[in-house]
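Residue numbers (this note's numbering), protein chains in the order written: chain Y, 1335 to 1525; chain H, 17 to 358.
Hints listed in this document are in silico derivations from the structure and should not be mistaken for laboratory results.
If you're wondering where the values come from, they're calculated on a predicted model, not measured in any experiment.
Please note: incorrect hints may appear among the correct ones.
Said to hold, decoys possible - Derived pair list, reagent style PhoX-like, types lysine-lysine, alpha-carbon separation capped at 20 Å:
#1 Y:1450 to Y:1384
#2 Y:1521 to H:75
#3 H:334 to Y:1520
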Amino acid sequence: MRVDFPPFLSTLINHINPYQLQQNMPISEILFWALSAIAVLCALMVVVVKNPVHSALYLILTFFAIAGHYFLLNAHFLAAVHIIVYAGAIMVLFLYIIMMVNLQEAQVDKKRNLFKLASVVSAGLMMLVLTVAGQRADLTAVTNSATEIGTVESLGTTLFNEFLLPFEISALLFLSAMVGAVLLSKKSLQS
Amino acid sequence: MTILIFKIILVLAVFGLTMLIAMYSTWAERKLSAVMQDRVGPNRAGPMGLLQPLADGIKMFTKEELIPEGSNRFLFIIGPGIAMLTALITGAVIPWGGDVSIGGESFALQITDINIGVLYLFGVVSIGVYGIMIGGWASNNKYSLLGALRASSQMISYEIAMGLSMISLIMMTGTLSLREIVAQQDAGFANVLYQPLAFLIFMICAFAETNRAPFDLPECETELIGGYHTEYSSMKLGLFLFAEYINMFISSAIMVSFFWGGYNFPFQHELGLSPNALATVQTVVFFLKVFGFIFLFMWVRWTIPRFRYDQLMNLGWKVLLPLSLLNIFVTGVVMYLTGKLN
């Protein structure tokens, strides 16, 4: 199942493929490229398509592709939680809201000049940050030997031993956010 | 290579069996409702109406296909497809029986034993709502949309209680692999003896997740003329309805695996059977247990009237959710007191 890339492409692949899989595990490599292509294409479509429901559906596909990447990195727990939380809960509520308010293409009115300026500036800043981050980033490979770092067992042991305090504090934060959301959704505090 | 061939055969067998059981569930449901309402039920096609599912299938496939004007064609077609997909892929992690040995090699009667099996199940359950939502929205019909919205809020609400009720079981078993959960019940007793409350909550949530009566609000015909599948016709409607029966079968299999000992039965190792014979008997026992639950699903449907929407939400959020949290707490305390916690 080996795929032969042209020379310039394989140099590129050697440079940016974070898994360094091409020597021993070609099937993972094929999966890596397929998932990457899906993720990037769908992420682009989220921005490009006009219909908000279609945007949301493309975002869900992007989430699935990224969950596939987590699987390739042996981070099973992260992959499963990514699907359950993002694709299964958050995006369902998102779709729910979009369908309820029934946004249509026609309602997207023309942007004012200030908006255009703001988006150009923020996109430029984003570009700057990404370029610098890309230059500084360490792109040498993660050795994809059978690491156990992302499995449920090792994750649980780490979270509940090394990072117990931050874990509990973030749990409290979530709880307070939940209470806040319930309070906000009440029509009047008396009832 | 043999393992690959075996797995392919197993996948096909599970797929075929799931379809067959779902087909005959429709027949059983009609016969059962007929008995409960003092009628005869289907009795024209074949002996005792046994060919009725085939006749239904032929009718569904040959009916005229309508795609409503102003609907989103692609999403309208893909909606029932997603519903079927999410109904079928759950079967991959269910252990259907013990190990069989063919030509000296031992194979497990399970398509894949991933170490996050329980999370995989919840992942599939959580994306199961998309088929209904996409289908309902793409129909461009307000009743379909209302049905889809009801389905999504109902399924999200009951998913939470379902997940929390499972946590107490996972605390006890200490594993997320379904095969291991079943194996532990072979060594000890069925989990339902230790976690009766978790089982009850899980079963109620399973009824809600499969959109079966008394939780069939997404399609309640008196208010919504069929809900999310109002605009669907021919086999696309058939797929939506069929997915419900597959979901019923699969969630019965999950309940049996989690709480009722899976394919194990009492005194199975005292019978002195050879491994292959034992595996066969175990699979038969597993399916008998599953049929029992399918019967329960149907019995409830033809006995209990439908909930009102506010009753449904109150039950989910104000009864099942606190109860499952309480169950987690009690499980933790009992585990601490009996020294199971290290």
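Hint by hint, here is what the structure shows:
no. : hint             : verdict
1   : Y:1450 to Y:1384 : holds (17 Å)
2   : Y:1521 to H:75   : violated (51 Å)
3   : H:334 to Y:1520  : holds (16 Å)
When the structure is compared with the earlier hints, a violation turns up for hint 2 alone.
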